[in-house]
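Enquirer: Required output: the full structure, derived from the provided sequences and hints.
There are 8 protein chains.
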Amino acid sequence: MTTLDVLNAVAAGQLTPQAASTQLEVSQTADLGFANVDLSRQKRNGFPEVIYGAGKTATQIAGIIQAMPTQSTPILTTRLSAEKFAALQPALPQAVYHQTAQCMTVGALPTPKQSDYIAVVTAGTSDLPVAEEAALTAQAFGNHVERVYDVGVAGIHRLFAKLALIRGAKVVIVIAGMEGALASVVGGLIDKPLIAVPTSVGYGTNFQGMTALLTMLNSCASGITVVNIDNGFGAAYSASLINQL
Amino acid sequence: MTTLDVLNAVAAGQLTPQAASTQLEVSQTADLGFANVDLSRQKRNGFPEVIYGAGKTATQIAGIIQAMPTQSTPILTTRLSAEKFAALQPALPQAVYHQTAQCMTVGALPTPKQSDYIAVVTAGTSDLPVAEEAALTAQAFGNHVERVYDVGVAGIHRLFAKLALIRGAKVVIVIAGMEGALASVVGGLIDKPLIAVPTSVGYGTNFQGMTALLTMLNSCASGITVVNIDNGFGAAYSASLINQL
Amino acid sequence: MTTLDVLNAVAAGQLTPQAASTQLEVSQTADLGFANVDLSRQKRNGFPEVIYGAGKTATQIAGIIQAMPTQSTPILTTRLSAEKFAALQPALPQAVYHQTAQCMTVGALPTPKQSDYIAVVTAGTSDLPVAEEAALTAQAFGNHVERVYDVGVAGIHRLFAKLALIRGAKVVIVIAGMEGALASVVGGLIDKPLIAVPTSVGYGTNFQGMTALLTMLNSCASGITVVNIDNGFGAAYSASLINQL
Amino acid sequence: MTTLDVLNAVAAGQLTPQAASTQLEVSQTADLGFANVDLSRQKRNGFPEVIYGAGKTATQIAGIIQAMPTQSTPILTTRLSAEKFAALQPALPQAVYHQTAQCMTVGALPTPKQSDYIAVVTAGTSDLPVAEEAALTAQAFGNHVERVYDVGVAGIHRLFAKLALIRGAKVVIVIAGMEGALASVVGGLIDKPLIAVPTSVGYGTNFQGMTALLTMLNSCASGITVVNIDNGFGAAYSASLINQL
Amino acid sequence: MTTLDVLNAVAAGQLTPQAASTQLEVSQTADLGFANVDLSRQKRNGFPEVIYGAGKTATQIAGIIQAMPTQSTPILTTRLSAEKFAALQPALPQAVYHQTAQCMTVGALPTPKQSDYIAVVTAGTSDLPVAEEAALTAQAFGNHVERVYDVGVAGIHRLFAKLALIRGAKVVIVIAGMEGALASVVGGLIDKPLIAVPTSVGYGTNFQGMTALLTMLNSCASGITVVNIDNGFGAAYSASLINQL
Amino acid sequence: MTTLDVLNAVAAGQLTPQAASTQLEVSQTADLGFANVDLSRQKRNGFPEVIYGAGKTATQIAGIIQAMPTQSTPILTTRLSAEKFAALQPALPQAVYHQTAQCMTVGALPTPKQSDYIAVVTAGTSDLPVAEEAALTAQAFGNHVERVYDVGVAGIHRLFAKLALIRGAKVVIVIAGMEGALASVVGGLIDKPLIAVPTSVGYGTNFQGMTALLTMLNSCASGITVVNIDNGFGAAYSASLINQL
Amino acid sequence: MTTLDVLNAVAAGQLTPQAASTQLEVSQTADLGFANVDLSRQKRNGFPEVIYGAGKTATQIAGIIQAMPTQSTPILTTRLSAEKFAALQPALPQAVYHQTAQCMTVGALPTPKQSDYIAVVTAGTSDLPVAEEAALTAQAFGNHVERVYDVGVAGIHRLFAKLALIRGAKVVIVIAGMEGALASVVGGLIDKPLIAVPTSVGYGTNFQGMTALLTMLNSCASGITVVNIDNGFGAAYSASLINQL
Amino acid sequence: MTTLDVLNAVAAGQLTPQAASTQLEVSQTADLGFANVDLSRQKRNGFPEVIYGAGKTATQIAGIIQAMPTQSTPILTTRLSAEKFAALQPALPQAVYHQTAQCMTVGALPTPKQSDYIAVVTAGTSDLPVAEEAALTAQAFGNHVERVYDVGVAGIHRLFAKLALIRGAKVVIVIAGMEGALASVVGGLIDKPLIAVPTSVGYGTNFQGMTALLTMLNSCASGITVVNIDNGFGAAYSASLINQL
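Residue numbers (full-length UniProt numbering), protein chains in the order written: chain P, 1 to 245; chain L, 1 to 245; chain Z, 1 to 245; chain B, 1 to 245; chain E, 1 to 245; chain R, 1 to 245; chain D, 1 to 245; chain A, 1 to 245.
Don't read these hints as lab results, they were simulated from the structure.
One or more hints might be untrue.
When the alpha-carbon atoms are kept at most 30 Å apart in a straight line, the in silico BS3-like pairs for lysine-lysine are as follows [as the list claims (entries may be wrong)]:
(1) Z:Lys162 - D:Lys113
(2) Z:Lys162 - B:Lys43
(3) P:Lys162 - R:Lys84
(4) A:Lys84 - E:Lys84
(5) L:Lys162 - B:Lys162
Expert: So this is what it looks like as structure tokens:
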């Protein structure tokens with residue numbers, strides 16, 4: 001339904017201005033002064049708004065969560081330090097903190113709706129925080145997740161031992177720091193979409209993940225798309241959209 | 001079937017060494033000296049090998065194509081200049097050249113198998129070569145494609161006029177140069193996976209597409225993954241895998 | 001008038017859907033396939049659409065100009081090489097080419113409407129092409145322009161000799177390559193808005209204008225804003241908006 | 001009046017050397033040893049000197065303020081941490097600290113002189129410190145300011161709901177981190193000068209605001225000029241010059 | 001023995017599937033959940049797995065070491081802070097900490113097997129931590145090491161005084177920060193392989209070692225290869241492989 | 001023999017000043033005005049001077065070669081375009097041009113002295129020019145070379161099929177562009193020194209080989225050292241030193 | 001004499017306004033429209049204006065030279081291609097072209113006034129164009145110059161053989177590309193000011209001279225200052241000021 | 001005296017081997033294990049070794065100073081934090097700490113030997129630490145210094161008021177952060193060598209001084225050479241060599 005269609009319906013009395021406005025997504029926000037909470041996100045984007053905790057105070061986060069309506073999936077806050085969670089807890093006693101993922105959920109994780117699964121694969125042990133952010137996000141959005149950790153190419157037989165599990169996924173998230181070569185190797189071995197997440201694990205010319213990012217963007221293997229450094233959440237968001245197609 | 005399963009089957013006489021070798025994907029190549037053509041790619045990766053024409057001579061490209069077996073989809077060569085195509089044509093009289101896309105196909109484009117479609121959206125007129133590389137690749141892989149061109153955010157009503165068409169796609173490719181803001185805006189309006197392609201259109205601090213790439217990697221909208229600058233082919237490859245899930 | 005106001009007016013029969021659609025800026029485009037010409041730009045942005053010639057073929061440019069309605073100011077095309085203009089000329093016999101500015105105008109330059117003027121100041125002789133792009137754009141948008149060229153800080157008395165003319169402007173454009181210090185010096189001497197344009201004049205660590213850009217962004221003088229490298233057009237656009245306040 | 005005019009007036013006895021010297025802006029400074037306070041700035045640049053607190057000790061800041069003459073607008077200090085303010089307070093009991101803006105004012109904020117206003121628009125909640133630095137600076141310089149916060153493009157209907165307010169401004173400041181796309185979208189919807197401020201909000205390839213800066217410099221929309229990352233003060237300075245034309 | 005050879009041997013009953021699997025290096029790992037310890041590394045790569053301590057918790061490191069089988073050389077952990085070692089010590093009472101090298105060994109350093117030696121040469125005193133990481137790694141892998149410290153080119157006679165010792169080595173490691181010129185000078189004076197290690201010693205445009213790295217990659221002298229910034233371990237690993245040829 | 005030893009020998013009459021000067025490597029040059037040919041390089045560095053053709057005129061190159069004494073290995077010129085070779089040929093009729101390698105040799109390639117060999121491995125067909133520069137240099141220095149081309153990780157079974165040949169080498173050169181992941185994969189599978197050469201093959205964020213370089217410097221596999229982008233010569237020089245230990 | 005002193009002298013009738021204006025360096029320019037020739041440069045800066053030919057047309061250069069008054073040293077134009085010189089020659093028949101230096105002089109080179117000399121030292125043959133630009137500039141400014149070419153650190157004995165000549169200079173210019181280590185080595189051996197000039201000679205990570213520049217800025221030797229990449233002119237300008245102290 | 005001259009003198013018995021060795025600067029070091037103190041630096045480089053305190057422990061610094069022989073100028077240590085000085089003081093009771101300069105001297109500052117002076121000029125108050133490092137170094141090396149602080153171009157009349165003092169210097173050091181334009185402006189007004197020091201004062205795109213560095217390297221004024229960011233010491237070293245010519 002285009003804007004003109006909506007307008008014609010209003011003119012025809014088939015739609016009230018208020019309903020049309022809703023359809024055009026006008027004013028579906030909760031204005032808190034410091035924040036303008038987007039209440040139509042699930043309808044527009046498939047999943048409800050997720051709170052990025054890094055740039056907000058504990059008070060702001062609690063305020064935003066309290067302004068959000070009941071929703072089918074848990075309210076997810078990412079990039080939340082343990083300290084900030086401790087400050088939040090009195091205001092949100094039902095909140096659960098996920099230490100490695102640095103995330104908080106309010107509301108129970110849904111039971112995955114389908115047998116399709118997302119494989120979350122990491123190169124090393126140091127990539128776990130990003131992997132857990134991705135896995136938890138995917139679970140919060142109702143997906144079944146299989147974790148395949150520490151199978152980097154320095155010992156490539158570790159990857160081959162888990163290849164069947166990876167190949168069985170509907171979409172694969174590959175998470176790697178240092179030189180990020182794992183994405184190319186996995187990409188050359190599967191026929192499903194692969195979302196690569198560079199991590200800031202490394203030193204010197206790793207440039208806080210820039211090297212892994214460049215590796216992934218320039219992969220000689222096909223079927224690979226990339227998200228920002230350490231963006232486990234973003235990878236899981238796209239993977240969830242794909243897994244639930 | 002893991003490597004150990006295959007080995008057990010060999011030991012049990014259920015599999016010949018040759019068959020096992022095939023299954024382990026050993027030696028499925030055509031070794032031309034200068035090239036080692038990968039003959040198991042479709043089986044492993046969903047689509048057959050595509051030839052990247054930029055770094056190869058006309059003779060090498062013709063040789064590789066002649067070494068490739070008959071396949072269900074056309075043999076696609078990307079990044080092929082008109083000059084190189086002219087040099088190739090005598091050796092490959094059945095080849096078809098696609099000028100804007102800078103691509104060559106050998107074999108007829110398949111009739112799209114399904115009603116699902118991929119939307120290819122561009123910000124400006126200058127993004128057309130990348131968009132056509134993406135669209136042609138997607139068509140060569142058997143997808144229906146909808147083109148939505150020149151709807152950049154400087155005149156955002158042009159985008160809203162096409163929004164229903166974009167929202168109807170199973171996966172959306174957004175192609176933009178300059179500041180690349182179109183990806184974020186479309187990402188905020190749809191609930192399907194979005195693959196963003198930065199283009200090298202721009203000047204000065206655009207840095208040959210780096211600015212658009214960074215924009216897309218840092219989008220405030222979710223559900224966006226990114227490929228290399230001007231990589232229309234790569235975006236279409238991933239989009240095809242998604243569209244055919 | 002907000003979207004809701006418009007919708008209420010439609011519901012009340014005070015506005016036809018078509019008029020509302022116009023007001024909401026829907027569908028005011030001329031869709032040429034390769035381009036989607038924005039016909040409401042002047043209404044929205046103060047000046048009509050200007051054609052960026054660098055990424056378009058001569059045929060595309062001619063097509064776009066022919067699709068544009070008559071307008072109060074000349075149709076301006078920037079970044080147009082002499083070769084492309086020669087190819088265009090048969091289709092647009094009324095077009096005028098401005099060699100140094102690398103611009104084309106279709107339609108007479110307007111007589112400046114007011115005594116307020118824009119000063120266009122350059123550091124050196126090599127900055128002239130950018131300066132002329134700026135000056136011509138400002139003139140095409142109906143402004144009076146004063147050119148003050150080659151007054152770089154290596155011989156700062158040249159600047160002081162022209163200071164009264166610069167101070168008399170309503171808005172000042174400072175154009176400089178190399179180290180771009182002129183922007184800071186002028187900025188410290190005037191009380192009007194200054195728009196700085198870095199140029200790609202220089203070599204080595206100039207990095208095609210990056211050094212001048214960084215200088216301008218980090219100026220110790222206040223009242224300076226900056227546009228992209230070599231973007232004379234952009235500086236003139238903003239200066240015109242300011243000069244016509 | 002050029003230097004030669006001034007000299008002729010001196011020779012003609014129409015001007016004392018001291019007055020001429022004043023006119024030529026020589027020696028209007030207060031030399032504190034560590035600082036050389038510029039006492040003619042308001043006359044030259046429209047607004048009095050503002051103290052950049054980041055690189056100075058509390059003692060230096062207090063000394064500079066005490067050396068400044070009475071002025072029509074409050075003495076503004078930016079980038080002042082709460083700790084440094086606490087150290088300053090005994091020496092400047094009349095000073096007021098603005099926590100979110102990290103600024104200090106000495107002297108009452110002026111009543112805005114005119115109905116013209118500056119709109120300060122942000123993409124997200126995390127951009128508030130920069131926005132408040134801009135808003136406070138504009139108010140200190142005697143402008144009326146309208147704040148429009150958290151209207152980023154991930155939920156673009158939030159922007160459209162505030163569009164009339166933004167369009168009513170004489171000059172608009174758009175503040176955004178992450179990918180900074182809001183500047184382009186607003187720029188495509190208004191006909192007033194837009195000053196874009198990139199913020200260092202983001203992570204990974206955001207590069208502490210570099211991505212937003214590049215986005216803004218390469219905007220496909222016209223009428224946008226840019227200041228340094230997090231430079232709310234600089235944007236407000238230019239906006240004030242424009243708003244008071 | 002190729003994969004096909006292995007498979008034929010399995011089919012011929014000359015090799016059990018388990019033995020073949022071992023030969024193909026499948027499943028020789030110890031899966032700890034957070035880590036997948038690579039137990040075939042010494043067989044594949046010449047030396048056993050070394051633990052990179054920087055991205056792991058004390059508990060993870062202790063767990064990995066306890067999962068490793070007895071081996072001929074000590075278990076080496078690099079990039080281990082004194083704090084983390086203190087936390088580890090109760091679990092690994094036999095561990096020895098090497099302060100300057102920031103390394104830990106479990107098991108006695110082997111007596112060097114041969115008269116061939118590795119020279120570890122530094123430009124300055126500040127390069128010692130990297131040099132000691134290199135020297136200790138080489139010793140842990142059974143090499144004799146000669147240390148030649150603080151012979152940078154600012155006082156080049158210091159280098160010439162030690163030249164005979166350097167020339168006597170089978171392989172030379174040159175470690176330098178700042179501008180890293182020592183690598184070129186030594187490279188021009190010896191006829192053995194030289195491995196250059198840039199260090200992050202320096203300030204300003206040193207960019208945390210990037211300058212020294214670039215110097216080493218662009219050396220006008222031949223026979224120089226380079227490792228990552230501060231990567232004493234990596235240099236020693238390659239040098240050990242060479243020294244033991 | 002240190003400098004002091006040499007001086008004592010001179011004082012003792014055991015060494016003439018001229019001989020001592022030779023030993024101290026003073027004045028062993030052929031000064032051509034524009035060039036100062038280094039005649040003691042083979043004695044100092046293991047192999048005679050090689051001419052880098054890129055920055056020299058044909059006349060200069062011919063002059064340098066004619067000034068060089070007879071030597072045991074052929075005189076090698078690298079980075080020599082076909083055009084420059086054509087200009088050189090009349091002056092050097094015995095010279096042989098190697099097209100793919102862009103190299104010229106004067107004098108016959110030596111028969112390899114030993115069974116030890118260097119493996120030159122490439123990821124793709126486009127890496128051939130760099131690979132041939134490396135292979136030819138190694139051959140000119142008297143090494144046996146095994147070429148293993150086009151075994152990139154997108155079809156990793158191609159690599160495994162050649163693994164025994166690679167593992168048999170005394171030193172391995174891995175040459176790759178795009179994301180350069182092949183170096184890490186090979187590095188994880190062998191126990192010999194590996195020299196990685198990034199190539200400038202790729203586009204967009206490949207940054208003319210920078211991505212492959214960074215990948216190789218940050219490899220999670222050990223035993224890898226790196227040379228400058230496209231520096232096949234440098235890799236072969238170091239490999240030759242190692243192969244002839 | 002300060003501005004106030006000048007003004008007092010004007011008031012006292014001791015100085016005419018015109019003379020005062022001259023003293024204050026006002027209006028000593030020749031305004032050609034496209035250029036504003038600085039006629040007081042020699043008085044202010046020690047040497048007359050030198051024309052940077054790269055960004056100017058042949059017509060502009062001829063015009064500027066014809067506008068310049070007779071001066072004691074030749075008029076120097078740098079960065080002048082042979083093509084542009086050919087176009088200039090008819091207008092300036094007395095001009096002399098210096099091929100390697102890419103410079104033109106009008107007027108005879110002065111006989112050096114003093115025994116003090118500037119040493120111009122290069123690392124390699126490819127650095128000659130920059131070295132000759134430096135040497136010619138120094139000669140045009142009346143200095144005696146000693147050229148010491150191709151003494152790079154790969155064969156460091158070549159440098160020691162010329163050390164006495166270098167040490168005898170009053171100021172030394174060191175010119176090097178690739179890794180630029182020569183500056184540090186020379187800097188460690190002399191007690192005179194050293195001006196280092198990085199050249200754009202090199203490839204890959206040389207980044208068109210950036211590596212040599214960084215090396216020189218981060219030198220462990222003292223007494224080194226640096227100019228822009230390939231800026232032989234700038235080095236000679238400063239060296240001339242020093243040599244003539 | 002060349003190496004060959006020295007050798008001939010040894011052969012002729014005119015020089016003992018030990019004396020020759022001294023002349024060739026062999027073994028004039030004090031080897032402390034962690035440091036190899038260069039005892040011939042003053043003879044070679046004009047001034048004795050200065051200790052860079054940043055990368056050394058308090059114990060190492062004390063050890064080095066105690067190993068240095070008595071010298072005519074004070075022993076200078078730069079980049080020494082107050083904490084490290086406090087740790088050093090018991091071992092070096094005669095040491096004096098200079099707070100703003102972050103330097104320590106052992107031994108009295110010499111009385112300047114001559115009327116020639118070095119001007120140290122800064123743009124702002126925040127540049128003082130670098131300026132004091134430069135001034136103190138120059139004084140330690142026996143120069144008379146004139147400080148001209150806080151005369152940045154935002155209030156350029158402050159500079160003109162001090163111009164006579166600056167012009168009177170034999171060599172000028174200009175220190176500036178932010179955009180660093182002061183160097184160009186001063187460079188255009190004097191006829192003496194100017195050494196520019198960029199400082200890390202600034203934020204955002206200042207990139208810790210990179211912008212000021214680039215400005216200075218690309219100055220349109222001549223006679224400017226540059227040192228590393230914040231390198232007050234290096235500027236003073238070169239300035240001292242020039243001032244004492």
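Enquirer: The structure should be examined with respect to each hint, and the outcome stated for every one.
Expert: How the hints compare with the structure:
{"no.": "1", "hint": "Z:Lys162 - D:Lys113", "verdict": "violated, 39 Å"}
{"no.": "2", "hint": "Z:Lys162 - B:Lys43", "verdict": "holds, 19 Å"}
{"no.": "3", "hint": "P:Lys162 - R:Lys84", "verdict": "violated, 54 Å"}
{"no.": "4", "hint": "A:Lys84 - E:Lys84", "verdict": "holds, 25 Å"}
{"no.": "5", "hint": "L:Lys162 - B:Lys162", "verdict": "holds, 23 Å"}
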